[in-house]
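Chains H, D and V: place on chain U using the hints.
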Amino acid sequence: MQEILQVTISGLATGAIYAMVAMGFTLLWQTTSTINFAQGEFVMLPAFLMLGGIVVLDLPLAVAFVGALLISAALLGAAFKRAIIDPMIRHGVLPLAIATIGLTLALKNGVKAIYGAEAHPFPHPFPVEIWRVLGVAFSSYDIAVIASVAAVVFALNRFLNGTMTGRSMQAVAQNPEAAVVLGIDVKRLILYTFVVNAALAAAAALLVTPVYLFKFDLGESLGLKAFYAAIIGGFNQMRGALVGGLIVGVLENLSAVYFAPAYKDAVALGLFVLVILFRPEGLLGREEARRV
Amino acid sequence: MRKTATACVALAAVLTAAPAVAQDVKFVGIFEMSGPGTTAGTNFKNGADLAIKEINAMGGILGRKIAITSSDTASNPTTAKALAQKAVDEQPYILLGPVFSGSVLSSMIVAQEAGLPQWIGGEAANITQQGNPFVFRTSFSQAQSMPKIANYIAGDLKAKSIAVAWVNNDFGKGGRDQIAKEMGSRNVKVVADLSTEPGQVDFSAVVTRAKQSNPDVLFVYLNEEESARLLRELKKQGWDMKKNPVVGETTLIGQKVIELAGDAANGAQAHVGLTIDAPNPLLTAFAAKYEAAYKAKSDHNGIKGYTGVYVIKAVTEKLGKFDRKAFAEAMKTAQVSAKDNPGVLMSVCFNKDGDLDRDSYLAVVKDGKQVIEKTLPPVGICKVP
Amino acid sequence: MTALLEVAGLARAFGAVRAVGGVDFAVEDGEVFGVIGPNGSGKTTMFNCILGQLRPDAGRVRFGGAEITGARPLALARLGIGRTFQSLQVFGSLSARDNLIAAAQEYVGTLAGRLLAAPDAGLTGRAEALLARLNLAHVADKPAGSLSYGQQKLLDIGMAFMSGARLVFLDEPAAGVNPRIVGEMAAMLRALKAESGATFVVIEHNMDFVMGLCDRVMVMAEGKRIALGTPAEVRADPQVLEAYLGG
Amino acid sequence: MTLPTLSRANVAALAFIVAMTAGLLAAPLFLKTYGVYLLSLWALNTVAAIGLNLTLGYAGQISLGQAAFLGIGAYAVAILMKAGVSFWLGLPAGVLLAFAVGLALGFPALRVQHHYLAFATLGFNALVFLVIRNEEWLTGGNFGIRVARPELLGHSLRSGIDYYHVCLAVLAVTALLVWLLLRSPWGRAFACLRDNPIRAESLGIDVRSYTLLAFAIGAACAGVAGAFLAPLVNFIDPSPFGLVPSIYLLLMVIIGGPGRFFGPFLGAAIVTLLPEWLRVADVWYLVIFGIFVVALMAFCPGGLLAVPEKVAAMRAARRSARGSAAGQAGARP
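Protein chains in written order, with my numbering: chain U, 1 to 292; chain H, 1 to 385; chain D, 1 to 247; chain V, 1 to 333.
Just so you know, the hints here were simulated from the structure itself, not pulled from any lab data. We treat Cβ as the ideally placed atom computed from N, Cα and C, and that holds for glycine. Check the hints yourself; a few may be wrong.
[As the list claims (entries may be wrong)] When the alpha-carbon atoms are kept at most 27 Å apart in a straight line, the in silico DSSO-like pairs for lysine-lysine are as follows:
{"id": "1", "chain 1": "V", "residue 1": "K32", "chain 2": "H", "residue 2": "K325"}
{"id": "2", "chain 1": "H", "residue 1": "K297", "chain 2": "H", "residue 2": "K53"}
{"id": "3", "chain 1": "V", "residue 1": "K32", "chain 2": "H", "residue 2": "K26"}
{"id": "4", "chain 1": "V", "residue 1": "K32", "chain 2": "H", "residue 2": "K65"}
{"id": "5", "chain 1": "H", "residue 1": "K181", "chain 2": "V", "residue 2": "K82"}
{"id": "6", "chain 1": "H", "residue 1": "K374", "chain 2": "H", "residue 2": "K160"}
{"id": "7", "chain 1": "V", "residue 1": "K82", "chain 2": "D", "residue 2": "K142"}
[Said to hold, decoys possible] What follows is a list of derived Cβ distance ranges for each label pair:
{"id": "8", "chain 1": "H", "residue 1": "S161", "chain 2": "U", "residue 2": "Y258", "range": "30 to 38 Å"}
{"id": "9", "chain 1": "U", "residue 1": "S33", "chain 2": "D", "residue 2": "H205", "range": "31 to 39 Å"}
{"id": "10", "chain 1": "U", "residue 1": "L134", "chain 2": "H", "residue 2": "S337", "range": "53 to 61 Å"}
{"id": "11", "chain 1": "U", "residue 1": "Y258", "chain 2": "H", "residue 2": "G131", "range": "41 to 49 Å"}
{"id": "12", "chain 1": "V", "residue 1": "A104", "chain 2": "D", "residue 2": "R60", "range": "31 to 39 Å"}
Okay, chain U solo, but in the shape it has when bound (with noise of 0.2 Å):
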């Protein structure tokens, strides 16, 4: 019992942080059906400019983060979206992802050619204390993260069903068509949901990097995994992508303990095909309408 509590919490920790990447994939599917498989790394970048902002300026960490978020607003946000979205969006999906497969190579590789392949440590912006309870050992930092994502997501929530702006951003996401009609500037919002995207990932990257450490390739396992939470959730739901994030990390945890650490990977992968399969629209997602 004691042992299921144990990773069981990790698990949520670590899905927390899936979940907060996985909210930006399905941002990005509502609006314009933009498959980002950079997403891990726009988690890396900003990470890297937090590191760079640290390391080589002296800044404290949260003129780092304040400075990488703006950073990544501007370029992972507006900018991405310009260069990259706008000319290509007319293309369809596949152009566009393997777009963003390019620019993950990229910047992946921009990275490593920059500040090297090994990896760093990167300081905690909570304190982390260890609490015992009934045996069970408990992370301050754990509790953070799972308390950061949270107020994120209750955030954003608030955002997107309590202000003008969010809700003419979801009727974007909706369709389209119609907000055009209601004479919403839907470029504008589009804008919007790249550059909250960028600024999720940043903070993705603040409660990231002290666990995962900062190294080139942070973002690649870390993309993935969002991904398949998404997917398992809901690619067209927010709280499809949180719950996706938390199945993910605690099965992770829990196949690694109950069933062959070797395969532990394959539980949630297994999950993920399956819910493809048998519910693409993810566990709590709605039905998309098939377009003839």
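Same frame as chain U, now just chains H, D and V:
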């Protein structure tokens, strides 16, 4: 397209031809510069490049400078083999790399057929068990390092049971198989067999399972970053390293691990073949030079690449000529002392298989520093000067 | 005369919207049967329910006396039911000739046999003849996607006849066609009908087109049948007048 | 069968094929063993990419799992050869296995489409990788299997040039068979499947069977490539059969031009020879490649072979813009 191809060929020809002045001696390097082996391959390459720069500054080998061309195997054995093929075409004196055993296994056949001495970073035991006279190690084979560790675990620590946490790639699986064998012959039971993924982040399940099995010793055979994450998780779950020692190889307590794991590394012990933390002024000096050159600390792969090149220099100079066949022959009984050849950092000898032997250390992390507990003598496969 | 197609109580809703609310009709063998109605009256949904694109909520469809309710489009095609879609549906990357061959090749030999068969499955002659009939012989080798709208429309219709279907559904054949050649289109359809002997079911907006082409016409409004009869009868029906003019 | 007409395009294609064949046969005269090995690798990559091009480019089914089939072919041959079975028996076994698994994987294609299908094949590939790595008793796991070069009619293929000729022959035969298939009614049905599956079904085209076949035949091509890859490298381990190699195979098809017969030839050449071509760029070569991929997708998503058409279309557009400015009378509505 054809034009581009021609242009590229011409450009490549110009670029490779230009620096290779007639009296230079040619080395070719094939390293894991991208893909999962990037860290290992890059360190190895950096170490080798550093040695070559130094040697060239001192006038080269037998008065000839070393010209090296390196390429990226992308951690893919198919590419590694292709690049070995290319190396053979260029007729170099020495082939350096690769580091991952899979790539070594695919490329060594090519070098062997061409009679090209190959200096590798792989530690899998079977590399040198195939009668290839042209393959040489830069570090212990797992067949030599594991008995040293097994003796320590079964003898000094008097363990009756161990749990093994290993990374599921050729490096980790090879180590796991060897240690399981050695433990079996010493009547120590392996009570948990914990495979982990390369690049794994969350080690809570591994530690939980290790705790469940309650072993006398936890043996860890992971890469540096994963080691650091495991150590953090051990600390978090309250693992008592005094009661249940955590023992590993170089990769458990390297400088990088301590940097990444912080005080969670305290108490971890390891058999260390090559470490910049050894009480050895030559290694300390190397560490400083490496860091100055690459703004990063060298791991054992950096030392492997560096010392490998210096061994080549020492053996060649003793031979007095550049002759690949004679070189391979001389390697079978080569003994290089650090006193006469400071670049090799530690005295070393080779046997007929291409395996090496030298001192190694048992180190423990205390207050964020590697402290050498004792020096472990060579295994005895050849005579260390 | 026997009914070739019988539709009884066919219904389909989308959420709360009853797109088709229980429609009955029968199409006699050899006639041209028109379906008209204002936008959103459920014509195309009804077509899709009959032709296997949508599953009807209720009702039955029989073809030649056999039950075909909910059958897949492939099965219907194999039974000899051809169709066109409301929007253009040609294979844009294939040549016009290949579009026609594609429309009939699956009726020649077996699946495995077609791997080893001649590239044109022996259909070039028939395709050429139909191309000539459709006045498309001069563009036979051009990719269908590069043809003009009217040409693609003709090709689309031609594909429905290529396999020798007994019953052909045409969803707005004259929509978007230059008004000058709507007449030609009707003439073409009459000629195709005469040659193939097939039965037609036609959805159309263009009143003149429908009235000139069809033997009988069914009028739909709000998912229901409001009139059925000869063009003259329908034209005189006050309910129809109201649906079209009064609304 | 009707004779192909000698149109200008056919003559040009024929001339190109003859020139390419002559160039490839003459290449070893100018190349050292490395070059020959690289060309052998190119030939086999092209075979695998031709298969993927059939699945993706002609039949419109996205697959991100082609490397898994490469692995199935390679491991079938390696395992059987280790057990003492001749390569020439292992080859059909590997190809059949790849075909059968491809057929099975085609079933998801019936349930889900487009990107979901790509995801399902991606998951499949990751699972195959795990099995290859973990089932050491069968596959040698991380340590891999050594594979000897086979003999052909008593003649050993150990020499790089001999084996290169074998690889070229494999490429020629695969290309010819796929070309014949594309010319047959099947090829037309595949195109219909890609252009408009719903219309295809209404015309009696059995979309289900053709989708399954498109998958299985593409997989079988990869199986062929894998079966010949193992003896080429003399060694196989799991690394060339993971997700990243699958993505590179996809890039080969996309870069060359999906749905174009010679696309895989060009795409495989670029990706296989890439590190060689960008040697100048040193550690930046993958950065440059990544940017190239992004730029290609932005300006010409149809791949490199679509560039001439794209340029021609742009010129024509400019000309007609000028023409319509000069006088609107000639322009058609």
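Cross-check of the supplied hints:
Restraint check: the Cα-Cα separation between K32(V) and K325(H) comes to about 22 Å, which is no more than 27 Å; the hinted pair holds. Between the alpha carbons of K297(H) and K53(H) the distance comes to roughly 18 Å, so the proposed pair stays at or under 27 Å and holds. Between K32(V) and K26(H) the alpha-carbon distance is near 17 Å, which keeps this suggested pair within the 27 Å criterion. For the proposed pair K32(V) and K65(H), the alpha carbon gap of about 26 Å is at most 27 Å, so the pair holds.
At most 27 Å may separate the alpha-carbon atoms for a hinted pair to count; K181(H) and K82(V) meet this at roughly 25 Å. This hinted pair checks out: K374(H) and K160(H) have alpha carbons roughly 22 Å apart, not beyond 27 Å. In summary, the hint linking K82(V) to K142(D) is not supported, as the alpha carbons are separated by about 54 Å, beyond the 27 Å threshold. Between S161(H) and Y258(U) the beta carbons are some 21 Å apart, a value that contradicts the proposed interval 30 to 38 Å.
Restraint check, S33(U) to H205(D): a C-beta distance of roughly 32 Å satisfies the suggested window 31 to 39 Å. L134(U) and S337(H) have their C-beta atoms about 59 Å apart, which keeps the hinted 53 to 61 Å range intact. For the pair Y258(U) and G131(H), the supplied restraint of 41 to 49 Å holds, since their beta-carbon distance comes to about 45 Å. Separated by about 37 Å at the C-beta atoms, A104(V) and R60(D) satisfy the suggested range of 31 to 39 Å.
When each numbered hint is compared with the structure, violations occur for hints 7 and 8.
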